[in-house]
Amino acid sequence: MTYVGMGLSLLSAPIIARTLGADGRGLLAAAFVSIQLLSWTAFLGLPRTLAVAATQRRLVSRSGLLSTTLLGVVSTILALSTADVVANGNDQLALLIRIAAPQLLFAGLAQLGMEYALSKGRFALWNTLRSSNLILPSAAVLVAFSFGTLTFEFVYAATLFGQVLTIILGSLICIPLFRRSGRVRVPWRFTLQFWSTSAVDAVGGRIDQLLLAAMAPPNVLGVYAVAVTCASAAAGATQAINDITFSRFLNAEMKSDSSTLRSRSLVGLAASLTSGILVVVLISLLAVPLFGTDFESLPTVSAILIIYQGITDQWNLRTYLDSASLNGRGLAVSSVIGLVALVGGLAIFLQFESLNGSVMAMCMVAMALVRLTSRAIFRKVQDRSLRTTGLSPDA
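By numbering that gives the first Met the number 0, the letter at position 324 of the sequence shown is numbered 323, and the numbering carries on one by one without gaps.
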């Protein structure tokens, strides 16, 4: 499912880029970036925590479900009220953001539904949910292009439709969870640790496009947005391995099995390297013929972002492990240190040259490396401390 979605995305991406141009592609990215940030940060880590609890204990916290619902309302209001600021005076962009904002009402419940399907190992259901956002928009673009009716408005509507459909289907999965809810304590310590990590990672994962939107010409963001898509395509196999491993981490016998983490890390690295090389070669050969002369810098930016994506996939695997054991030691601090590295690296680069896609991509690599290294150091220090006190550390 991942590669079907990525394959369609790679087919539709050059069509969208050539039809809309770099400016139009940048506007499309800016229309959804703030919505994505809120959907990743506004729900305090509750969807992942509630899904793990529902899988392991078969009972869901009623207060956690209600909190998730209320946070959807708050995030929608926030998106609507900040649309003008994010749009930076662009009335069209502000309108596009406001049209997309109401999906946040049920985004938290949809995330809970998807997390629950994944944690239970119900991959057919989980892939069905993913297909709404991975496949339908790209397929619609290809159909519209074949009929000569592809416009900016159509691409925007197709993207929004895929997101809304995913939210509707994901929310429906939560109905049985409401029926099984009760007075169960939410593990807020891990929830807030995971939320802090997710929030900082979401900011770090999208601040690049926000900064490019604010500080660089639209065509720079347009090239960078396509490069992000190409880097994501290179990560499909590794992400699938991580997703499958999460449900296995939830098995009590494997939850603290460090050998499982090591073996899956090596397999993921091999998958990232193989697919990354293939994507870089293809982009180098086809970038200008497929995307046009506005995208001459695409191979360089994509190659750097593929390195960032490979490191981030390793981080995500470790986040899955920590989620399965509801143990977030060192995650949030490592994410903050990584974000500081991103900002610091950007400040250093800007002393020597103007902001462009390659500079931003290199700063993202620095952030990913520092974040992953910091977690490893924190784990070693804390595990050594636990051994000193006679406790058994988690993997």
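It should be emphasised that the hints constitute simulated quantities derived from the structure, not laboratory data.
Check before you lean on any hint, since a few could be wrong.
[Said to hold, decoys possible] Pairwise CB distance ranges (calculated):
| hint | residue 1 | residue 2 | range |
| --- | --- | --- | --- |
| 1 | Arg57 | Val287 | 27 to 33 Å |
| 2 | Gln91 | Leu368 | 22 to 28 Å |
| 3 | Ser283 | Arg179 | 34 to 40 Å |
| 4 | Arg179 | Gly147 | 46 to 52 Å |
| 5 | Val266 | Thr148 | 39 to 45 Å |
| 6 | Ser145 | Ser258 | 21 to 27 Å |
| 7 | Val380 | Val266 | 25 to 31 Å |
| 8 | Thr292 | Leu171 | 42 to 48 Å |
| 9 | Ala123 | Val339 | 37 to 43 Å |
| 10 | Ala123 | Phe351 | 31 to 37 Å |
| 11 | Thr273 | Leu94 | 40 to 46 Å |
| 12 | Gln381 | Arg61 | 20 to 26 Å |
| 13 | Val339 | Gln381 | 16 to 22 Å |
| 14 | Ser262 | Arg121 | 42 to 48 Å |
Every value quoted in this text rests on a predicted model; they were computed, and no experiment measured them.
Here a beta-carbon is modelled for each residue, glycine too, at the ideal position from N, C-alpha and C.
Against the structure, the hints come out as follows:
1. Arg57 with Val287: 27 to 33 Å: 55 Å, violated
2. Gln91 with Leu368: 22 to 28 Å: Taking Cβ atoms as reference, Gln91 and Leu368 lie about 38 Å apart, which means the hint is violated.
3. Ser283 with Arg179: 34 to 40 Å: Distance hint for Ser283, Arg179 is violated at roughly 52 Å.
4. Arg179 with Gly147: 46 to 52 Å: 51 Å, holds
5. Val266 with Thr148: 39 to 45 Å: 43 Å, holds
6. Ser145 with Ser258: 21 to 27 Å: Distance hint for Ser145, Ser258 is violated at roughly 50 Å.
7. Val380 with Val266: 25 to 31 Å: 27 Å, holds
8. Thr292 with Leu171: 42 to 48 Å: At 46 Å between Cβs, range holds.
9. Ala123 with Val339: 37 to 43 Å: With a Cβ separation near 41 Å, Ala123 and Val339 satisfy 37 to 43 Å, so the hint holds.
10. Ala123 with Phe351: 31 to 37 Å: 51 Å, violated
11. Thr273 with Leu94: 40 to 46 Å: Holds - the Cβ-Cβ distance for Thr273 and Leu94, about 43 Å, lies within 40 to 46 Å.
12. Gln381 with Arg61: 20 to 26 Å: For Arg61 against Gln381, whose Cβ atoms are near 33 Å apart, the range 20 to 26 Å is violated.
13. Val339 with Gln381: 16 to 22 Å: For Val339 and Gln381 the Cβ distance comes to about 21 Å; the hint holds.
14. Ser262 with Arg121: 42 to 48 Å: Hint violated: Cβ distance 24 Å, outside 42 to 48 Å.
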